[in-house]
Amino acid sequence: MSLQTDKREFNERTTDGIGNPFMRNAVSSAQDSLKTRRLTAAASLGDWEQWRTLGQQIRQHTLKHLDYYLGQLADNIEKKGGHIYFAKTKEEASDYIRDIIVKKKAKKIVKSKSMVTEEIEMNHVLMEAGCELIETDLGEYILQMDDWDPPSHIVAPALHKDRTQIQSVFTEKLGYTGDESPENLARFARTVLRQKFLEADVGITGCNFAVANLGAINLVTNEGNGDLTAAIPKTHIAVMGMERIVPTLEEMEVLDNLLCRSAVGQKLTSYISVIGPSASGETDGPEDFHLVVVDNGRSDILGSEFNEALQCIRCGACLNVCPVYRHIGGHAYGSIYPGPIGAVITPLLGGYDDYKELPFASSLCAACTDVCPVKIPLHEQLILHRQKIVKEKRTGAVERLQMKTAGRLLSSRVLFGKALRFANPASRLLSRHGRIVRGPELVRGWINTRDLSQPVKQQDSFRAWLDKRKGGAGQ
Amino acid sequence: MKVSIFSTCLVDLMTPNVGIAMVEVLERLGCEIDHPASQVCCGQPAYNSGYLEDSRLAMKNMMLAFEHSDYVVGPSGSCIAMFHEYPKIFKGDPNWELKAIALKEKAYEFTQFIVRVLGVTDVGASLEGTATYHRSCHMTRLLGERETPFQLLEQVQGLQLEPLKNSDNCCGFGGTFSVKMPEISGQMVDEKCGCVVDTGADILISADMGCLLNIGGRLSRKGEPVKIMHIAEVLNQQNTAAKGGSPT
Ligand code: SF4
Numbered sequence: 001m002s003l004q005t006d007k008r009e010f011n012e013r014t015t016d017g018i019g020n021p022f023m024r025n026a027v028s029s030a031q032d033s034l035k036t037r038r039l040t041a042a043a044s045l046g047d048w049e050q051w052r053t054l055g056q057q058i059r060q061h062t063l064k065h066l067d068y069y070l071g072q073l074a075d076n077i078e079k080k081g082g083h084i085y086f087a088k089t090k091e092e093a094s095d096y097i098r099d100i101i102v103k104k105k106a107k108k109i110v111k112s113k114s115m116v117t118e119e120i121e122m123n124h125v126l127m128e129a130g131c132e133l134i135e136t137d138l139g140e141y142i143l144q145m146d147d148w149d150p151p152s153h154i155v156a157p158a159l160h161k162d163r164t165q166i167q168s169v170f171t172e173k174l175g176y177t178g179d180e181s182p183e184n185l186a187r188f189a190r191t192v193l194r195q196k197f198l199e200a201d202v203g204i205t206g207c208n209f210a211v212a213n214l215g216a217i218n219l220v221t222n223e224g225n226g227d228l229t230a231a232i233p234k235t236h237i238a239v240m241g242m243e244r245i246v247p248t249l250e251e252m253e254v255l256d257n258l259l260c261r262s263a264v265g266q267k268l269t270s271y272i273s274v275i276g277p278s279a280s281g282e283t284d285g286p287e288d289f290h291l292v293v294v295d296n297g298r299s300d301i302l303g304s305e306f307n308e309a310l311q312c313i314r315c316g317a318c319l320n321v322c323p324v325y326r327h328i329g330g331h332a333y334g335s336i337y338p339g340p341i342g343a344v345i346t347p348l349l350g351g352y353d354d355y356k357e358l359p360f361a362s363s364l365c366a367a368c369t370d371v372c373p374v375k376i377p378l379h380e381q382l383i384l385h386r387q388k389i390v391k392e393k394r395t396g397a398v399e400r401l402q403m404k405t406a407g408r409l410l411s412s413r414v415l416f417g418k419a420l421r422f423a424n425p426a427s428r429l430l431s432r433h434g435r436i437v438r439g440p441e442l443v444r445g446w447i448n449t450r451d452l453s454q455p456v457k458q459q460d461s462f463r464a465w466l467d468k469r470k471g472g473a474g475q
Numbered sequence: 001m002k003v004s005i006f007s008t009c010l011v012d013l014m015t016p017n018v019g020i021a022m023v024e025v026l027e028r029l030g031c032e033i034d035h036p037a038s039q040v041c042c043g044q045p046a047y048n049s050g051y052l053e054d055s056r057l058a059m060k061n062m063m064l065a066f067e068h069s070d071y072v073v074g075p076s077g078s079c080i081a082m083f084h085e086y087p088k089i090f091k092g093d094p095n096w097e098l099k100a101i102a103l104k105e106k107a108y109e110f111t112q113f114i115v116r117v118l119g120v121t122d123v124g125a126s127l128e129g130t131a132t133y134h135r136s137c138h139m140t141r142l143l144g145e146r147e148t149p150f151q152l153l154e155q156v157q158g159l160q161l162e163p164l165k166n167s168d169n170c171c172g173f174g175g176t177f178s179v180k181m182p183e184i185s186g187q188m189v190d191e192k193c194g195c196v197v198d199t200g201a202d203i204l205i206s207a208d209m210g211c212l213l214n215i216g217g218r219l220s221r222k223g224e225p226v227k228i229m230h231i232a233e234v235l236n237q238q239n240t241a242a243k244g245g246s247p248t
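Residue numbers (UniProt numbering), protein chains in the order written: chain A, 1 to 475; chain B, 1 to 248.
By construction, these hints were calculated from the structure, which means they are not laboratory data. None of these values were measured; they are calculated from a predicted model. Note that the Cβ used here is the ideal one computed from N, Cα and C, for glycine as well. Just to be clear, a hint being listed does not mean it is correct.
[What the hints assert, rightly or not] Straight-line distance between alpha carbons at most 20 Å, and here's what the computed PhoX-like set of lysine-lysine pairs gives:
1) K404(A) x K180(B)
2) K388(A) x K104(B)
3) K391(A) x K180(B)
[Claimed, not checked] Distance windows between CB atoms, simulated:
4) R469(A) x E67(B): 16 to 26 Å
5) Q4(A) x G200(B): 40 to 50 Å
6) Q160(B) x V398(A): 41 to 51 Å
7) G200(B) x L198(A): 58 to 68 Å
8) D354(A) x D93(B): 49 to 59 Å
9) Q160(B) x R469(A): 30 to 40 Å
The task is simple: from the sequences and hints, build the whole structure.
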């Protein structure tokens, strides 16, 4: 998979999403139940706003001194006998990983969920090199078994499927014979996966945060699959976006707290681990540790007006409150990063040619900004995108002209007055029973589903009423 | 107290009765009203669509229009929230930054002004009926005002307020969003209408006319008998049964 998960037009993808009751039901009930859980988990920390500010400060500080911390991380990993590789492009990243696999003559690979490996199309590269690759995160495993169905949520990749669908995937692809209870489905997957862990030559994981002063990585999972992936195979390759780093364990602790509460409404998840090159004499852990730090466009974002987007800790909370995501689902975004944060970073990583609609797929209700544990002003970033898209003249010529005209009209009392005098009779012409039933192309979609009331006739206008009053408050 | 009314282009164009109600309530509370004539629009539609340059014209016009006002009060949480964005937008501009800050500091949404500046929660309104209240996203999240409408509505005699499920979810208006992405917006407003109808209320109240036109338009298309009223109209009612306001 790559950043792009669906090449169809945005409109086609959203129509698809809107027409999928299974998915919408799954998404909205998940949103509704997560909301309460998140609020309770947040409240138990004390002053949530202060925690958010702290999270924001940690992320901003680290980004500001990213060079320093990446250098420190590299030194510490090498000191402990591990390897670190800085990949500028996605090709460099996946080539490096393939080279290790080839050198080790590895055939079987287990993987713990990682968005960035999707971004660099690693699965594809490794499978082409003849490896068997198994996703061990339950959600990802389901998607893999379903012929690599794309993920639809950052934290819960298979959120769009319900248990019946999962049961039929398992039955069809793996000969599962049990019922559709989540416990039985999970138990079955666990039995299959346990064998895969034991057989694997290489384990590949993502990285929630790299801890600079330790030369280690932090993994946060609910199923423990990240730990098994890192601990059992002889070789461990961790892959991270270059911004996912913290100075010390102390900052990691703060961010893990924010992450777990925001993502799943838990104080902490079941497994929080810190893993690095194993010191000599230790009996567990991999013999060979590699950390691949992926740039793939991130250094262009660093220091730009979109810098704050790099603060993201991928908790998915913004998706869990987004009313647009609620109705169109994750696949409609056409990217491995859906929802509000996806609408911000996907165009940055993948360009406007493919993703210029995403920043407009928001009502700017700011629910995402409000919930983000590291205070990314997501809705403002969407406006910034819109400004760039407009500046690059990627919006329609008609719209640009309308905006220009409206800009003039709405900044001058005289012109606006003329428009007012025109608007009332014009709307009457287009209306039936007090409802505007026809209209210019611009508002047609709106009128298809809603009635637009005609201006109230009792007064000519608010200004005229003011003018007529004794004492003349109006002017 | 001298108060400059910011009537908003939507009220000017579509629902003058909301502006009238606002003036009448404020006058009853002892305010001396003026309406600087050169005002038009806060610039939000163009700004939110990415047309920064085109929207700046409207914003500058507003800063000049209210330059000499003590207080600026408008019937829209969303437009007032837009005023609050001006200092960010004009940051570093030697001619406009200070004007932007000045406007932000004296601009209040209608209910906010009554409660926070005038210190009044009972305006002497009475209206028989059952109502539910729609919080607009910009008022609650951008302007950060969640309480004042409820403080005022609780004092309206005869009015029973029903809680609205998922009240923090956007109604799908979002200005040009509802025009640009009508399909998605339509789904959002549909869900909102369902929640409104489920409350069993006869009236839907809000402090933002945009949301009301959006939800009201959909309710009307679905044939639901819920009336929409701007909160200024509610607060201007005295001893009347719910006869509905604009413009359903
Ligand atoms: S943008 Fe904020 S809320 Fe969304 S995933 Fe990132 S950290 Fe979480």
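| Indices of hints not satisfied (ascending) | Numbers 2, 8, in rising order.
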